[in-house]
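Asks: Chains as they are written, first to last, in the numbering used here: chain A, 566 to 826; chain B, 17 to 227; chain C, 17 to 227.
By construction, these hints were calculated from the structure, which means they are not laboratory data. Glycine included, C-beta positions come from ideal geometry on N, C-alpha and C. One or more of the hints may lead you astray.
What the hints assert, rightly or not - Rough simulated footprint, nothing fancy, chain B against chain C, three-plus residues with beta-carbon under 8 Å:
1. 84–96
2. 166–178
Claimed, not checked - Which chain A residues face chain C? A few, computed with CB under 7 Å, are given here:
3. Glu592
4. Leu595
5. Ala682
6. Ala687
7. Leu690
8. Lys696
9. Phe701
10. Thr772
11. Lys804
Claimed, not checked - Quick list of in silico lysine to aspartate or glutamate cross-link-like pairs, DMTMM-like style, CA-CA up to 25 Å:
12. Lys192(C) to Glu174(C)
13. Lys65(C) to Asp76(B)
14. Lys716(A) to Asp147(B)
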Amino acid sequence: MPDGDTFGSLDARLAAEALIVDVEGFEGPLDVLLTLARTQKVDLRAISVLALARQYLAFVERAKTLRIELAADYLVMAAWLAFLKSRLLLPPDPEDDAPSGEDLAAHLAFQLERLQAMRDSAARLMARDQKGRDFFQRGITEDVSRVRRIKYTATLLDLLQGYARIRTKDEFRPYSMDREHVMTMEQALDRMRGLLAFGGEWADLSTYLPDGWDGSPSRRRSATASHFAAALELAKAGKLELRQGETFGKIEIRRAGSDGQ
Amino acid sequence: MDGEIRDTLFEAPPMAEQERMVEAILFATAEPVTVAELNARMPHGADAKKALAHLEKRYDGRGVAVVRVGDAWAIRTAPDLGFLMRKETVETRKLSRAAIETLAIIAYHQPVTRAEIEEIRGVGVSRGTVDQLIEMGWVRLGRRKMTPGRPVTFVVTEEFLDHFGLENARDLPGLKELRAAGLLENRPAPDAPTEDEDDNEQSDMFEEGQA
Amino acid sequence: MDGEIRDTLFEAPPMAEQERMVEAILFATAEPVTVAELNARMPHGADAKKALAHLEKRYDGRGVAVVRVGDAWAIRTAPDLGFLMRKETVETRKLSRAAIETLAIIAYHQPVTRAEIEEIRGVGVSRGTVDQLIEMGWVRLGRRKMTPGRPVTFVVTEEFLDHFGLENARDLPGLKELRAAGLLENRPAPDAPTEDEDDNEQSDMFEEGQA
Numbered sequence: 566m567p568d569g570d571t572f573g574s575l576d577a578r579l580a581a582e583a584l585i586v587d588v589e590g591f592e593g594p595l596d597v598l599l600t601l602a603r604t605q606k607v608d609l610r611a612i613s614v615l616a617l618a619r620q621y622l623a624f625v626e627r628a629k630t631l632r633i634e635l636a637a638d639y640l641v642m643a644a645w646l647a648f649l650k651s652r653l654l655l656p657p658d659p660e661d662d663a664p665s666g667e668d669l670a671a672h673l674a675f676q677l678e679r680l681q682a683m684r685d686s687a688a689r690l691m692a693r694d695q696k697g698r699d700f701f702q703r704g705i706t707e708d709v710s711r712v713r714r715i716k717y718t719a720t721l722l723d724l725l726q727g728y729a730r731i732r733t734k735d736e737f738r739p740y741s742m743d744r745e746h747v748m749t750m751e752q753a754l755d756r757m758r759g760l761l762a763f764g765g766e767w768a769d770l771s772t773y774l775p776d777g778w779d780g781s782p783s784r785r786r787s788a789t790a791s792h793f794a795a796a797l798e799l800a801k802a803g804k805l806e807l808r809q810g811e812t813f814g815k816i817e818i819r820r821a822g823s824d825g826q
Numbered sequence: 017m018d019g020e021i022r023d024t025l026f027e028a029p030p031m032a033e034q035e036r037m038v039e040a041i042l043f044a045t046a047e048p049v050t051v052a053e054l055n056a057r058m059p060h061g062a063d064a065k066k067a068l069a070h071l072e073k074r075y076d077g078r079g080v081a082v083v084r085v086g087d088a089w090a091i092r093t094a095p096d097l098g099f100l101m102r103k104e105t106v107e108t109r110k111l112s113r114a115a116i117e118t119l120a121i122i123a124y125h126q127p128v129t130r131a132e133i134e135e136i137r138g139v140g141v142s143r144g145t146v147d148q149l150i151e152m153g154w155v156r157l158g159r160r161k162m163t164p165g166r167p168v169t170f171v172v173t174e175e176f177l178d179h180f181g182l183e184n185a186r187d188l189p190g191l192k193e194l195r196a197a198g199l200l201e202n203r204p205a206p207d208a209p210t211e212d213e214d215d216n217e218q219s220d221m222f223e224e225g226q227a
Numbered sequence: 017m018d019g020e021i022r023d024t025l026f027e028a029p030p031m032a033e034q035e036r037m038v039e040a041i042l043f044a045t046a047e048p049v050t051v052a053e054l055n056a057r058m059p060h061g062a063d064a065k066k067a068l069a070h071l072e073k074r075y076d077g078r079g080v081a082v083v084r085v086g087d088a089w090a091i092r093t094a095p096d097l098g099f100l101m102r103k104e105t106v107e108t109r110k111l112s113r114a115a116i117e118t119l120a121i122i123a124y125h126q127p128v129t130r131a132e133i134e135e136i137r138g139v140g141v142s143r144g145t146v147d148q149l150i151e152m153g154w155v156r157l158g159r160r161k162m163t164p165g166r167p168v169t170f171v172v173t174e175e176f177l178d179h180f181g182l183e184n185a186r187d188l189p190g191l192k193e194l195r196a197a198g199l200l201e202n203r204p205a206p207d208a209p210t211e212d213e214d215d216n217e218q219s220d221m222f223e224e225g226q227a
């Protein structure tokens with residue numbers, strides 16, 4: 566370890582003087598410490614923390630004499646270094662389980678080394694080839710145009726229902742008109758037993774609702790409820806399969822065993 | 017070493033190097049670049065025109081091509097790969113009620129004319145509806161009918177049968193079967209009075225209008 | 017006939033063709049494109065990763081190069097030809113010393129909290145510094161740290177990698193040496209209050225962050 570007094574005297578004062586001149590240019594107390602450490606002209610790992618503490622305290626003293634106001638964190642660091650200095654100089658107290666002066670000094674050295682490493686890394690990073698300066702991206706770009714294609718589909722059941730709807734117009738009155746606004750599960754069960762013969766593909770349960778029942782909310786509710794109950798009955802009997810993609814999603818049904826078609 | 021520096025200072029770089037330069041400039045510049053501009057940007061003594069010719073040949077048959085745009089040059093996507101610059105999203109939608117009904121009539125009554133379809137549906141059939149079915153590949157034109165005006169007829173296609181899992185359009189269930197299946201269940205009560213019918217129909221329409 | 021259709025539908029185009037496609041897609045955009053996106057844009061069954069490997073080799077030593085950026089790929093001009101692009105040079109905003117150091121700390125220590133950055137620099141980090149880096153697209157928020165207060169963390173972006181020509185964050189210059197020297201450890205001060213339970217988390221998360 567170099568003689569701490571050397572740094573505590575003339576050199577330290579000269580260094581402190583130089584630092585004071587552009588104290589504005591420093592990025593906090595660690596930055597000052599790092600600059601001071603460089604004056605020791607040794608590897609950061611071999612630094613004399615005691616000497617460094619003295620240098621720093623001299624720097625703060627000098628600022629005080631010159632009535633230069635230092636930011637609070639510079640003064641906090643000064644207080645801590647003064648404490649560290651006393652720790653390093655006094656023999657350790659065996660009663661005290663606080664960290665030793667050597668541990669604290671080692672950590673400060675680590676912090677300085679780490680900050681220096683980051684500075685070196687930053688410099689290396691900025692020295693790399695950079696986009697827009699050393700290498701370049703494509704000048705003429707082509708946007709990907711989005712084309713939306715719509716595919717229409719229909720099931721056999723849709724087709725048959727559609728045809729039935731047309732034929733019904735001429736020959737029959739819609740069934741729903743003869744009833745109250747309530748559809749029983751038995752009625753739904755009767756309908757669905759017949760319809761299922763054409764239900765080989767997954768289809769929304771709502772497509773099974775009869776015409777005339779999808780208009781007013783109360784009729785739709787009744788028809789939906791009865792068809793849902795009927796679907797559960799038929800599923801229980803193994804006649805159809807039910808599925809629902811997500812909570813509150815569409816309920817889809819198809820004839821049981823349609824997979825193997 | 018010294019000699020090398022002098023070479024690069026006073027002699028044009030080798031043609032392979034010039035080709036690399038043209039490649040980089042054409043790649044990075046936002047507009048097509050003229051030969052004059054290439055020469056101005058390249059080291060003294062370079063021959064951009066020659067380098068361009070080499071580069072053009074090198075990109076022959078590649079995914080991008082060196083192309084002439086007016087009196088300037090650029091790198092562009094090969095014409096046959098333009099499809100890669102389009103992103104297609106397919107959205108599945110249910111066929112409209114009008115289209116389904118029209119399709120059903122064609123399937124059940126083929127070959128059928130537009131006038132016949134309209135008669136069965138009891139409402140006009142828009143050109144677009146039939147066109148859509150044709151475009152989907154489910155309907156095609158059949159033979160002209162041997163009636164006055166020789167109107168065109170429509171028939172369903174193989175693809176239609178395929179989609180609906182039918183061997184033949186004749187396999188479609190008849191009215192009796194539809195009724196048995198419950199699709200034509202809307203049979204009136206035999207004793208229902210006829211004026212009731214009108215009443216109910218009205219209230220039904222009223223309700224539908226509210227939905 | 018049927019068999020032929022199936023072939024064109026389900027067989028990927030030959031590798032040379034796939035290479036052309038990757039070439040066209042990469043040439044058409046300034047941003048890096050992920051392998052997944054390439055595959056999505058190419059015909060069914062194509063292997064973009066393999067095609068990329070071929071393409072990368074093809075452009076070796078040319079005026080432009082196929083480069084990897086994170087899990088994406090891009091074409092960039094060869095760095096030795098930068099002098100030709102004076103016209104294209106983008107004036108980047110001059111970064112302050114604080115911003116450059118903060119950027120390096122985020123890159124080497126990511127994911128890193130503001131408190132950790134301040135601990136390393138020994139001085140407060142102004143909001144504006146991090147904001148500037150985020151605005152430039154070089155830094156973004158990472159996952160919150162699982163320590164008291166769940167502080168936000170900062171990580172570098174793909175744009176950062178692209179800008180500095182890095183394949184991924186593990187390629188940062190000197191990263192291995194710094195780690196071996198223990199300089200990337202989050203070593204608590206001996207006199208710090210003892211609630212630092214996340215000694216090792218840092219380096220672990222670093223690896224994960226890049227996946």
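Asks: Going through the numbered hints above, which ones does this structure break? Give me the numbers in ascending order.
Replies: 2, 10, 11
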